[in-house]
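On the provided structure of chain R, position chain G as indicated by the hints.
Taken in sequence, the protein lines are chains R and G. Just so we're aligned, residue 1 is where the first sequence starts under this note's numbering, counting upward by one. Just so we're aligned, residue 1 is where the second sequence starts under this note's numbering, counting upward by one.
Don't read these hints as lab results, they were simulated from the structure. Bear in mind that the values here come from a model prediction, so they are computed numbers and not experimental data. Where hints are given, some of them may not hold.
Here are the computed distance ranges between Cβ atoms for each label pair [what the hints assert, rightly or not]:
{"hint": "1", "chain 1": "G", "residue 1": "S169", "chain 2": "R", "residue 2": "A210", "range": "54 to 62 angstroms"}
{"hint": "2", "chain 1": "R", "residue 1": "L193", "chain 2": "G", "residue 2": "E203", "range": "48 to 56 angstroms"}
{"hint": "3", "chain 1": "R", "residue 1": "D233", "chain 2": "G", "residue 2": "E203", "range": "26 to 34 angstroms"}
{"hint": "4", "chain 1": "G", "residue 1": "M49", "chain 2": "R", "residue 2": "D233", "range": "48 to 56 angstroms"}
{"hint": "5", "chain 1": "R", "residue 1": "D176", "chain 2": "G", "residue 2": "K177", "range": "40 to 48 angstroms"}
{"hint": "6", "chain 1": "G", "residue 1": "T56", "chain 2": "R", "residue 2": "T100", "range": "55 to 63 angstroms"}
{"hint": "7", "chain 1": "R", "residue 1": "T100", "chain 2": "G", "residue 2": "S169", "range": "29 to 37 angstroms"}
{"hint": "8", "chain 1": "G", "residue 1": "L150", "chain 2": "R", "residue 2": "R200", "range": "44 to 52 angstroms"}
{"hint": "9", "chain 1": "R", "residue 1": "E132", "chain 2": "G", "residue 2": "E41", "range": "16 to 24 angstroms"}
Positions of the beta carbon are idealized from the N, C-alpha and C atoms, including for glycine.
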Amino acid sequence: MSRLATKVALVTGGGAGLGRATCLAFAAESAAVVVADRDAEGAAGTVSLIERKGGSAVSVETDVTQASDCERMVAEATSRFGRLDFAYNNAGMGGEGLPTYETTLVHWDALMAVNLTGVFLSMKYEIPAMLETGGGAIVNTSSIRGLVSYPDLSAYTASKHAVFGLTKSAALEYADKGIRINAVCPGVVKTALVEQSYARMPGFEERSLALHPVGRFGEPEEIAATVVWLCSDEASYVAGAGLVVDGGWVAQ
Amino acid sequence: MSDFDHKIALVTGAGSGIGRATALVFAREGAAVACSDIDTESGEATVRMIEDLGGTASFVRADVSVGSDVEAMVQTVVERYGRLDVAHNNAGIGGLGKPIDGHSLSEFERTMAINTKGVFHGMKYQIPQMLKQGGGAIVNTSSMMGLVGLAGISAYSASKHAVVGLTRSAALEYGSKGVRINCVCPGIIRTPINQKYWDEFPEAEKEWLSIEPIGRYGEPEEVAEVVAWMASDEASFMHGHALSVDGGATAQ
Numbered sequence: 001m002s003r004l005a006t007k008v009a010l011v012t013g014g015g016a017g018l019g020r021a022t023c024l025a026f027a028a029e030s031a032a033v034v035v036a037d038r039d040a041e042g043a044a045g046t047v048s049l050i051e052r053k054g055g056s057a058v059s060v061e062t063d064v065t066q067a068s069d070c071e072r073m074v075a076e077a078t079s080r081f082g083r084l085d086f087a088y089n090n091a092g093m094g095g096e097g098l099p100t101y102e103t104t105l106v107h108w109d110a111l112m113a114v115n116l117t118g119v120f121l122s123m124k125y126e127i128p129a130m131l132e133t134g135g136g137a138i139v140n141t142s143s144i145r146g147l148v149s150y151p152d153l154s155a156y157t158a159s160k161h162a163v164f165g166l167t168k169s170a171a172l173e174y175a176d177k178g179i180r181i182n183a184v185c186p187g188v189v190k191t192a193l194v195e196q197s198y199a200r201m202p203g204f205e206e207r208s209l210a211l212h213p214v215g216r217f218g219e220p221e222e223i224a225a226t227v228v229w230l231c232s233d234e235a236s237y238v239a240g241a242g243l244v245v246d247g248g249w250v251a252q
Numbered sequence: 001m002s003d004f005d006h007k008i009a010l011v012t013g014a015g016s017g018i019g020r021a022t023a024l025v026f027a028r029e030g031a032a033v034a035c036s037d038i039d040t041e042s043g044e045a046t047v048r049m050i051e052d053l054g055g056t057a058s059f060v061r062a063d064v065s066v067g068s069d070v071e072a073m074v075q076t077v078v079e080r081y082g083r084l085d086v087a088h089n090n091a092g093i094g095g096l097g098k099p100i101d102g103h104s105l106s107e108f109e110r111t112m113a114i115n116t117k118g119v120f121h122g123m124k125y126q127i128p129q130m131l132k133q134g135g136g137a138i139v140n141t142s143s144m145m146g147l148v149g150l151a152g153i154s155a156y157s158a159s160k161h162a163v164v165g166l167t168r169s170a171a172l173e174y175g176s177k178g179v180r181i182n183c184v185c186p187g188i189i190r191t192p193i194n195q196k197y198w199d200e201f202p203e204a205e206k207e208w209l210s211i212e213p214i215g216r217y218g219e220p221e222e223v224a225e226v227v228a229w230m231a232s233d234e235a236s237f238m239h240g241h242a243l244s245v246d247g248g249a250t251a252q
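One chain only, chain R, in its complex shape (with noise of 0.2 angstroms):
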């Protein structure tokens, strides 16, 4: 299929996981990429990985917590493919499964810098190139965790319920604009970061499958193909959404 062809997107946190899989979802719709991870080893794994199956991809090492690394990687989109129409801003972390009072700041103000205010700084550059061109779609990563919460995920939770806040803001203040901002909320998917959770963690895993009422896992291609579809034509409409994919848990 080639939905997107002539198309820009920009992921960050597409190194590994949801990212390297959306990376890839915007590639098999023709879109150009652009790989941003703070892990440049892992962004040129996914270019490679599209470039083998003869699409257009650029890496770029970006640390979503440096603005001007956030400003480097968009104008790296304009510079290189000459607009930016979509952007996945996913690059985070996981939690430390400790309950509040044990949390350190140092870890707080961490995982804040990157889930959070790296949101806020990439949306801060992906917009002004995006009004250029007249318009595009931005998809934040939040989590059903930006919905419910789940015991001693306190700094996590509150990361991604502030992104879900974050994105509805920015929705109302562009949709007129020719914009569109959603966010996805994902249930659990098994990626490298869950697994490293689950390591530190024991018994989160078993609790975990067990509020999923599908009885399974979701898949990173189960959530990519969400935020593709979130940035086509026919998702047109929607506009300041937390798009919740997670096999019912929230229904509950």
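Just chain G now, kept in the frame of chain R:
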């Protein structure tokens, strides 16, 4: 996008508005579509529109507020096509345009009978057939008024809130049995229902626009694309979700 080749889709309220648009999208994507409506003339008109485009469709009359009608509707679909893969329970009526003390009990009950009980009837008879086949997907039509309220349409808003609750509960019951159940929450769409309301209350057409951050009303086709995508395999991990297609209205 969504590939519905060899799939059988059923749409209630297919004679106009969102239902007609969805029937056309399902047909475009390759499904054979059973178009149901209480109004034979408009339902048959949708069938002709699909056939003129080279698709497969047939009409089945049903008053969704009557259980035996809905049972017969599902039975007819299975007799004609051998199965039922996708159902869009969409038949509904609009708001009354008066405060709650102006709502008569019979008006309230009629709204609930069509908008809420109609969806209940639909799922009650569709689900056993889908289970028999090993799965299926259902999308119910709620509304942004299923998430927030609006002065003058309390019965409508109650009926649509109920559809969200019904959808979530049903989703939890059948999640691990292969039947995915979600609902769509359209904002203000240019449908015949709203046009009728605006004809009666012309000031509402202007006033309601201020509800839409995107600065315009939605088109039935923009909701139809969302419904079709939710019913497709691309949305395989989306379950029990109420998806807002409202130009940002409920992000406020």
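Status of each hint after checking the structure:
1. For the pair G:S169 and R:A210, the beta carbons lie near 18 angstroms from each other, so the given range of 54 to 62 angstroms is not met.
2. Roughly 52 angstroms separates the CB atoms of R:L193 and G:E203, a value that falls within the hinted 48 to 56 angstroms.
3. Taking 26 to 34 angstroms as the suggested C-beta distance range, the pair R:D233 and G:E203 conforms, at roughly 32 angstroms.
4. Distance hint for G:M49 and R:D233: a CB-CB separation of about 22 angstroms, inconsistent with the stated range 48 to 56 angstroms.
5. Distance hint check for R:D176 and G:K177: the Cβ-Cβ separation is about 43 angstroms, which falls inside the suggested range of 40 to 48 angstroms.
6. A hinted range of 55 to 63 angstroms for the beta carbons of G:T56 and R:T100 is consistent with their spacing of about 58 angstroms.
7. For the pair R:T100 and G:S169, the beta carbons lie near 32 angstroms from each other, so the given range of 29 to 37 angstroms is met.
8. Between G:L150 and R:R200 the C-beta distance comes to about 47 angstroms, which sits within the given range of 44 to 52 angstroms.
9. Hint check: R:E132 to G:E41, Cβ distance near 50 angstroms, so the stated range 16 to 24 angstroms is violated.
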